[in-house]
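Asks: Residue-level listing of the chains:
4 protein chains.
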Amino acid sequence: MIVVVNNNASKEQFDNLVSWIEAQNVKLHFSKGETHTVIGLVGDTTKIDTELLEGLDIVSQVTRVSDPFKNANRKFHPDDTTVTVGNTKVGCGNFALIAGPCSVESEEQIVEIAKAVKAAGATMLRGGAFKPRTSPYDFQGLRDEGLKLLLTAKKEVGLPIVTEIMNADHIPLFEDVDVIQVGARNMQNFELLKELGKTNKPILLKRGLANTLKEFLMSAEYVMSEGNENVILCERGIRTFETYTRNTLDISAVPMLKELSHLPVVVDPSHASGVSRLVKPLSLSAAAVGADGLMIEVHNNPQYARCDGPQSLTPAQFEDTAKAVKKVLEAIK
Amino acid sequence: MIVVVNNNASKEQFDNLVSWIEAQNVKLHFSKGETHTVIGLVGDTTKIDTELLEGLDIVSQVTRVSDPFKNANRKFHPDDTTVTVGNTKVGCGNFALIAGPCSVESEEQIVEIAKAVKAAGATMLRGGAFKPRTSPYDFQGLRDEGLKLLLTAKKEVGLPIVTEIMNADHIPLFEDVDVIQVGARNMQNFELLKELGKTNKPILLKRGLANTLKEFLMSAEYVMSEGNENVILCERGIRTFETYTRNTLDISAVPMLKELSHLPVVVDPSHASGVSRLVKPLSLSAAAVGADGLMIEVHNNPQYARCDGPQSLTPAQFEDTAKAVKKVLEAIK
Amino acid sequence: MIVVVNNNASKEQFDNLVSWIEAQNVKLHFSKGETHTVIGLVGDTTKIDTELLEGLDIVSQVTRVSDPFKNANRKFHPDDTTVTVGNTKVGCGNFALIAGPCSVESEEQIVEIAKAVKAAGATMLRGGAFKPRTSPYDFQGLRDEGLKLLLTAKKEVGLPIVTEIMNADHIPLFEDVDVIQVGARNMQNFELLKELGKTNKPILLKRGLANTLKEFLMSAEYVMSEGNENVILCERGIRTFETYTRNTLDISAVPMLKELSHLPVVVDPSHASGVSRLVKPLSLSAAAVGADGLMIEVHNNPQYARCDGPQSLTPAQFEDTAKAVKKVLEAIK
Amino acid sequence: MIVVVNNNASKEQFDNLVSWIEAQNVKLHFSKGETHTVIGLVGDTTKIDTELLEGLDIVSQVTRVSDPFKNANRKFHPDDTTVTVGNTKVGCGNFALIAGPCSVESEEQIVEIAKAVKAAGATMLRGGAFKPRTSPYDFQGLRDEGLKLLLTAKKEVGLPIVTEIMNADHIPLFEDVDVIQVGARNMQNFELLKELGKTNKPILLKRGLANTLKEFLMSAEYVMSEGNENVILCERGIRTFETYTRNTLDISAVPMLKELSHLPVVVDPSHASGVSRLVKPLSLSAAAVGADGLMIEVHNNPQYARCDGPQSLTPAQFEDTAKAVKKVLEAIK
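Sequences listed follow chains A, B, C and D, in order. The numbering used here numbers the first residue of the first sequence as 5 and each following residue consecutively. The numbering used here numbers the first residue of the second sequence as 5 and each following residue consecutively. The numbering used here numbers the first residue of the third sequence as 5 and each following residue consecutively. The numbering used here numbers the first residue of the fourth sequence as 5 and each following residue consecutively.
Misleading hints may appear alongside valid ones.
It does not matter which identical chain is meant; a pair holds if it fits inside one copy or across any two.
Okay, derived cross-link-like pairs now, DSS-like style, lysine-lysine, Cα gap no bigger than 25 Å in a straight line [stated by the list, open to error]:
1. 327 to 337
2. 36 to 330
3. 15 to 79
4. 15 to 31
5. 122 to 327
6. 79 to 36
7. 202 to 327
8. 122 to 152
9. 93 to 330
10. 122 to 79
11. 327 to 51
12. 93 to 337
13. 51 to 331
14. 327 to 74
15. 337 to 198
Note that these hints are calculated values from the structure, not bench results. Source: prediction; values computed, not measured.
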């Protein structure tokens, strides 16, 4: 860590700062310029609160040389992490194909879709029971009932299930769920992340719509610092000024996250674009860029899906996409 | 609401759509063009899920003529709302001056600051007990203990208190709190908003860092639709590409929110800028633009504040700012 | 086009509006609601200035059903356009591989790189002579001299050349250049676009760093409306809040542009990321998503390149990338 | 300037770097950590190209301690600059009130508006002759003819005139213009900036819609480094995700620019919001935050203005705004 101090600091202020830093168990090197003195901090600076330092009037800049996340950091865990989910794996060469409807609507619907996506090559079934909706007047999901229907589909077809949680109080309801998803809007719901860190469930953590990669990895760190290392990162598009697509898929985030962290990274092309016609090309681009999996919305009747219809594929479109993704994965081996 | 349908829709598809819309209790008007047919929906369309319509392949565009929020909408409540907080009021000519430290740190600290800000004209005391921090390794607040210290300060100086909640489970702990704050990161924590809607406490709702004004008002609607109409909106800066300031204060949001809604709007210049030197000019600009109040971080020793030090004013700076704000309020009367 | 009029308009205001619209040679359909009247405009609305309509107090909303670009619009030109560049083509199955240094630095440098990229499969040579730099103190390019060196390299190796123009006055200097590039910062330099529209040179138009796809296509329209239909679109990353990469590659822009327009679309992964390590994965993702080509920075000594060193590949890295791109193109055929 | 070097650099690489830096006439200080070595550069680093350093594989980070602009930098010119425009001044306590139509449309129009705004207290007349429009099919301004009409109005009412240039070739046409405006889309048209730097005309430089304050000041530096120090900065809103307003007025930019630079800063609330109802509150907020002036669109018939009608004030609204601004200026003295 580098701390730049104004030379107009008084001797007392400067000495106070130096003794505070020394108390953090790091070594200091000084480089005095005409207007500023640069202090280099050498040692473990992960837990030093940079905002505290920036708060001092005499400090004009604080720069981290190393990233403030530790458990999620590739520097300390050079090998890729593989997350095991029931009878399947994600990461380190295991490509996850997660598919299913935005919302669970009925037993018939979820079982039918589960069969179709399994036949097309899906390795996990997704489906929303608790739905975060912008408007209180929109459909909020079947909630507990939806979870039961997902478990019925799981028993019927044998795919592990992925579904979203919105409240730490609901954790007991997710006992038989294979992967608990944290949605973009809850990426910084730290109370929820801490509680999920105390479980041993794989967590699929979606990037918030205006969160940097650093913040994203700090949220993974919240889960991991409580002891749960089974975190799968999911890039799902960020908010920009462009409006032709619902969000802007940040495809560069995939190789960048894999450089910064050892955790597996999957891509959700359905929410990223909000347009079903773009799901296939974006899936191919995610496979080509090195993602460890895809999460795709599939509905047997996208026209009447109770939410997010515009971005869902039909089972036939999903099958076509899955085949094309396989070819791209072969090509980049 | 306007629905634009492609003329390449089959007669069956078109008729299905028309009957679905008719079932929503609205009247329809048709305007047929060469490539598209425009359907105008007349009546109460607030509760129609536009995403469902956009999901249909034959629909190329859906536009709302009226906004999807009702309780928060000025059209249905032309008069300004005044929110009563203990012995003070916000809105409709009552300017709120909310001040205090980012975090409660000790009884001595919070009582001393409370006295200082009261003397300088503050109408409410703020202070964080539960703190949302990006890193799990940063100070997380004194939690329950912090709430107790706030209540001590309240008893001591007689100012109503404002403090942030992060979890619906904690609502019972907030029984003696005067205003419950929902932070930017929880603006779309819908489970929390619904529970707060069942209380009768004034809610200070902060805008999310990448949320539109429409989403902001929909979140207010979550609280109001459960029966709690005591919502105060707070603009606190949005995330943009600019990095000189921590966030970008969206000053236009103030008059725009007051046009769209009858709820009071306050501004937080401390978080908006993250720079204490900007707090005074931004406070003046918020007063001039028509805000109903300010929420300002004040610390008796900003150099050693346990969080957000760089953006805190000293009590003397706050007093100076409060006086200047008063003059601007006089000038725009 | 749809115009929504407030019902509080006076009869005179409403009649004035109606006669103004009728004078634009379009037909009108009316749909009267409780608070608003919706007017549907049927016919060629491409040249109606929507801002003029939005300017009227009685108008609360104007929405285009069809896009305001015509020459660039796929609706009017359903088939893909192929742009011929010397002995090579771009679009409609012809994949362009454009490579070369950010800046031309010397005859030795440009000829050596030209040979290397040709050997690795490049179909065109790029190189900057006129360089737009944020700081007046940074290297501004060899200018006229740089153009001459590019032409030497062209003669030597036989690759068509692509280079950037910054000023309409320089057009005569570009007589032997094969493709004239318009950089992101000049995407809305309309005076320059118009002059380029009067030439018959292929134009490689880069998307501005904060421009929507609609604005991008309107800029293509500026060139095309003057008679030059040889436009190649180039996605090169947009500005967002994320800072790990220099820009954010908007990969969805490729399929979306190809849906909206018949023009070929190439991707510049070097400027999009600003990080040479990301150039290969992003190139693969662009090939997979359906781009018509790539523009990649290659330098024989990226360590000492006079600009944009961090994002340049070595010739060996470029060869490796070109081979991998070929495999992906095979896979998605 | 601080350069962070990876310790896995070879001795040769490290020594090469050190000798390259030493050749830039700065002194070096070293601070060696476990994984990185921090090099502090002491001396005039303004003209060192940071991208070149970042380009080296062995360099992991480069941070400027001082800003790369010199002429525009307050550190080297602590006193406020006053720009003289005809019989009026801007900056250092002189508040500029620039008003007029978006486009000059006819002699009658421009003279009538000029008289009205002068009567209401305007200190300069603005009006567009050359108009940058997103669509080639929209009105492009009266061009040369428009300039002549502006000069007529100037002669008639005696106000200095401000009008936009789009092409360096047009500079001779602007001989009698008092202030040459560079629009947001041309903020990084460096060829134009350099030519304007060779004139002695006051330049009103608008911030680009997605440009940082640093880039904005570097563009001012382009003009100033050629010898023209008469630059007025203009904040006119930036592009964000919010769509209720055309742009987002970055009000914090005003005090931040005044801290970084000695140049005067004016605000354009008309383009910033695109909504005439917001022009008055935003004008008051700009006055309160410390701006040195305002540039406001005024039209005698906003309903039929040929461009940007929705954001223009009537002369009566302008008069009302001007009076209110005066009161706020008094209040903050």
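Asks: Now look at each hint and say whether the structure bears it out.
Replies: Going through the hints against the structure:
1. Taking the shortest Cα distances, residue 327 and residue 337 sit within 25 Å of each other both inside one copy (16 Å) and across copies (13 Å).
2. Proximity of residue 36 and residue 330 under a CA criterion of 25 Å is satisfied in neither setting, with 58 Å inside one chain copy and 45 Å between copies.
3. Only between protomers do residue 15 and residue 79 lie at most 25 Å apart by alpha-carbon distance; the minimum there is 23 Å, versus 38 Å within a single protomer.
4. Both within a single protomer and between protomers do residue 15 and residue 31 lie at most 25 Å apart by alpha-carbon distance, with minima of 20 Å and 24 Å respectively.
5. In this assembly of identical chains, the alpha carbons of residue 122 and residue 327 lie at most 25 Å apart only when taken from the same copy (13 Å versus 34 Å across copies).
6. In the homo-oligomer, the alpha carbons of residue 79 and residue 36 lie at most 25 Å apart only across protomers (19 Å), although the nearest pairing inside one protomer, at 31 Å, exceeds that limit.
7. In this assembly of identical chains, the alpha carbons of residue 202 and residue 327 never lie at most 25 Å apart, being 38 Å within a copy and 46 Å across copies at closest.
8. Only within a single protomer do residue 122 and residue 152 lie at most 25 Å apart by alpha-carbon distance; the minimum there is 19 Å, versus 54 Å between protomers.
9. Taking CA atoms no more than 25 Å apart as the test, residue 93 paired with residue 330 passes inside one copy only; the shortest distance there is 17 Å, against 30 Å between copies.
10. For the identical chains of this complex, residue 122 and residue 79 are neighbours neither inside a copy (37 Å) nor across copies (38 Å), given an alpha-carbon limit of 25 Å.
11. When the C-alpha separation of residue 327 and residue 51 is checked against a cutoff of 25 Å, the pair qualifies neither within a copy, at 46 Å, nor between copies, at 40 Å.
12. For the identical chains of this complex, residue 93 and residue 337 are intra-copy neighbours only, at 18 Å inside a copy versus 30 Å across copies, given an alpha-carbon limit of 25 Å.
13. Within a single copy, residue 51 and residue 331 get their C-alpha atoms no closer than 45 Å, and across copies no closer than 44 Å, so neither meets the 25 Å cut-off.
14. Neither within a single protomer nor between protomers do residue 327 and residue 74 lie at most 25 Å apart by alpha-carbon distance, with minima of 38 Å and 36 Å respectively.
15. Proximity of residue 337 and residue 198 under a CA criterion of 25 Å is satisfied in neither setting, with 37 Å inside one chain copy and 46 Å between copies.
When the structure is compared with the earlier hints, violations turn up for hints 2, 7, 10, 11, 13, 14 and 15 and for no others.
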